[in-house]
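Protein chains in written order, with the working numbering: chain A, 1 to 220; chain B, 1 to 220; chain C, 1 to 220; chain D, 1 to 220.
Treat the hints as calculated values from the structure; they're not laboratory data.
As the structure is a computational prediction, the values presented were derived from the model and not from experiment.
Careful, some of the hints might be misleading.
Said to hold, decoys possible - Quick list of simulated restraints, FRET-style, between CB atoms:
hint: 1; chain 1: B; residue 1: D176; chain 2: A; residue 2: E150; range: 35 to 45 Å
hint: 2; chain 1: B; residue 1: A42; chain 2: A; residue 2: D176; range: 38 to 48 Å
hint: 3; chain 1: B; residue 1: G54; chain 2: A; residue 2: E38; range: 38 to 48 Å
hint: 4; chain 1: C; residue 1: A123; chain 2: B; residue 2: A51; range: 32 to 42 Å
hint: 5; chain 1: B; residue 1: G80; chain 2: D; residue 2: K57; range: 39 to 49 Å
hint: 6; chain 1: B; residue 1: R26; chain 2: D; residue 2: D146; range: 49 to 59 Å
hint: 7; chain 1: A; residue 1: G162; chain 2: D; residue 2: G56; range: 19 to 29 Å
We put the beta carbon where it would ideally sit given N, CA and C, even for glycine.
For reference, the chains in residue letters:
Protein chains: 4
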Amino acid sequence: MTPAKNAPGGAKGAPSAARRSEASRRAILTAAVELAGEVGYAKLGIEAIAARAGVGKQTIYRWWPSKGAVLLDAVLMLSGAEAGAGGGVADGAAEEGATGLPDTGDLEADLKAVLRATAAELADPAFDGVLRALTTEVINDPALADAYAERLQAPLHAMKRGRLVAAREAGQLAEDVDLDVAVDLIWGPLTNRWLQRGGPLTAEYADRVVETALRGLRPA
Amino acid sequence: MTPAKNAPGGAKGAPSAARRSEASRRAILTAAVELAGEVGYAKLGIEAIAARAGVGKQTIYRWWPSKGAVLLDAVLMLSGAEAGAGGGVADGAAEEGATGLPDTGDLEADLKAVLRATAAELADPAFDGVLRALTTEVINDPALADAYAERLQAPLHAMKRGRLVAAREAGQLAEDVDLDVAVDLIWGPLTNRWLQRGGPLTAEYADRVVETALRGLRPA
Amino acid sequence: MTPAKNAPGGAKGAPSAARRSEASRRAILTAAVELAGEVGYAKLGIEAIAARAGVGKQTIYRWWPSKGAVLLDAVLMLSGAEAGAGGGVADGAAEEGATGLPDTGDLEADLKAVLRATAAELADPAFDGVLRALTTEVINDPALADAYAERLQAPLHAMKRGRLVAAREAGQLAEDVDLDVAVDLIWGPLTNRWLQRGGPLTAEYADRVVETALRGLRPA
Amino acid sequence: MTPAKNAPGGAKGAPSAARRSEASRRAILTAAVELAGEVGYAKLGIEAIAARAGVGKQTIYRWWPSKGAVLLDAVLMLSGAEAGAGGGVADGAAEEGATGLPDTGDLEADLKAVLRATAAELADPAFDGVLRALTTEVINDPALADAYAERLQAPLHAMKRGRLVAAREAGQLAEDVDLDVAVDLIWGPLTNRWLQRGGPLTAEYADRVVETALRGLRPA
DNA sequence: GCCTAACCGAGACGGTACGTCTCGTCTTTAC
DNA sequence: GTAAAGACGAGACGTACCGTCTCGGTTAGGC
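Construct all of the structure, not just a fragment, from the sequences and the given hints.
Below, the structure is given as structure tokens:
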């Protein structure tokens, strides 16, 4: 997962970026993360971000096309910062840097570990705020949804899929399983529960989802 | 699914409701549905709803504590209106009125039918708008999330679970499967894909999710 | 000055008045006086008056055409109540009931006494509030101004003029003085100073106005 | 009479004013004057002024603490614009610019001319509207009354007093007359009659007031 | 080592929507 | 059968942000 330092989120006729102030950029993204955590999406405004960041509003409008784009970059910054330390954004711990999910040879155990980590991350107010805000924007902004899919969702999906590919090659998954659907099956329930607050994001729930997804619902 | 005619969405110190104008109530909910479909969540405001409904703003504020509460009632109205006609809200067709999902004896076929119907519904702009708006509010408003869970999510979940219970009794599901998790597993991926626009909501996808969920990921 | 008990202030198609509740009427006028004194004109509303009076809003709208009309009746009620006790409304004390200003034979002394009393009354918060509110309405509502002129201003003017007529007959005023202008000259400055808060309403000011008006500005 | 271009009406913690838009300021004051003349005080609202001026509401709230303050500045703008052209605001024509009332040596004639001009101005719908609205606010807002006294009333009073001082020096007024009271005596009746619509503002009335005030009421 | 172009902070601007308040009318309920 | 209670459509209030637009100040190459 690249830090995306020079990629204004989807801007078209963006300025040259040559003179762009990295300090302001970081201050803005940090402020966005903090505010999202403190006041929630509903009260998260451009003016508040600018004020918190000690930045003029124009500096935000110059480099990002929308609040959602700021949030996307903010989440990418977080995920980049975490990547080397073993964590993805809301998607589990990586044992081998940003390049993949852990692979101990035991798929079920690895998936449980990853989902437990994801659950913990989603329960962490520091992440919950921004992610919720970003998701809110993504839901209602197709253009942002594209950027989100491309820059955050796709890499994560590929990472997850990669682990499943390895498992299939190790004979732990059926040959004819659609791995994209499999990823949805494994990670979908957790995301849903988090977004809709449909219940506590416990390790037990994570485990049960993995177990059920792996073995299916039919009787033996 | 009850029409919820007399239940202001989560209001606490609400007025007596005795003198409440049913005509205004319906006009407001209808206007909310229409506007959500036409202009999207971002531009959906109380003033616009009131104007479209031919109603004073205070009439909205008097009976609903938030825009989200209006949207919840609006969706409940839609779901109530549809219930007798064979449709749930974003959750599939009912063969036997509001009391349950279709049960032909063939679980897989029934689930595919339901998920296909749900996918179609979510792709229908008329439903997409309100549901997206409602979900957006639910994500960011814990109080609304409670009301949503109680009045919309819980009944639908029970209905789905009911079908699975019947299937288990018919020997089509393993005895030790956690049916709540099973419901999440089956319906979660579709909801996610819809919300995040992660891909087209096709019948094929619906089928594949059902198949994969039922038989699991492991090799035979 | 008659109490004006049955005269809705300028209403045209007013109800029959036969069944009118005297208790409600008094409660409304009293509430108007009190509220005007407490919260001032800017915050004086029909709803507040009705609530304070323990009366339905419709009871006010049924009998008075405007807030100003209520205030006019309220002031008339006050002036009626005071009349027998020797006081007019904002226009000085009466020694001989409601029929006239004091006449001791000494015009200057009598006028000073009356103006001093008026000044005191205008400085009294209990009167200041209603009178200010009423005047405010009168300034901006020609219809109310007519009713005000007829029912409050005219009688008071006549009373003042009456004292001047008596003085002229006693040889204390020049024969060719226009007594209506004389009244304006004597009472105008005080009213102005009150309305515009142009200075303190002291007895000294009252005395000086009387002296100056009586003897004129030219050198002897 | 100074144009008061840079004096927001009584604002306390007002912004720096450095970047203030003069165009907006003029548009607002002009709109206030026009609307006051057209719809009257009762229907004169901030929103209407902003809309007419083509200005955001906040631009009014940013620079003026109240509607009355806007009206005061509006009247000052009018008076400033008129000053050089020979007219005061509701207070008579100036023969010698903004520095004083006409002085032909004949006090009575001069005062009559001034009061006639004032009467004409008060009868002019263009002035009547704003002045009535401003006066209404002044009556009910002590803070505004202070600003009014300082910025409009005091200069005008000084101007009037100045003419009387000159007259006294010319031997046309008694030495011991209180000139402040004299000013009230001369100008008070006209103001009152205008405000309360106590009668037509004719030249005859103006003349009679001047004559009566100058010579007093007592017999020769 | 200036010149000049950009980005920067700040914040005023024309707007829109908010949630509250009150208006004057209309309807229901309890006495 | 009257009037209190109060819901209703309407719309202004004053506030908060939106996204755009100047402002000077400062910075960083290109000369």
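Whether the CB-CB distance between B:G54 and A:E38 falls inside 38 to 48 Å: Holds, at about 39 Å.
I want to verify a distance hint. Is the separation of the beta carbons of B:G80 and D:K57 within 39 to 49 Å? holds, 42 Å
For the range 35 to 45 Å, tell me whether the beta carbons of B:D176 and A:E150 fit it or not. Taking Cβ atoms as reference, B:D176 and A:E150 lie about 41 Å apart, which means the hint holds.
Pairwise beta carbon distance, A:G162 to D:G56, judged against the given window 19 to 29 Å: violated, 54 Å
Consistency of beta-carbon spacing, A:D176 to B:A42, with hint 38 to 48 Å: At 42 Å between Cβs, range holds.
Hint check for B:A51 and C:A123 - Cβ pair distance inside 32 to 42 Å: Check failed, 50 Å falls outside 32 to 42 Å.
A range of 49 to 59 Å was offered for this pair. Does it hold for the Cβ distance of B:R26 and D:D146? holds, 54 Å
Checked against the numbered hints above, the structure violates hints 4, 7; every other hint is satisfied.
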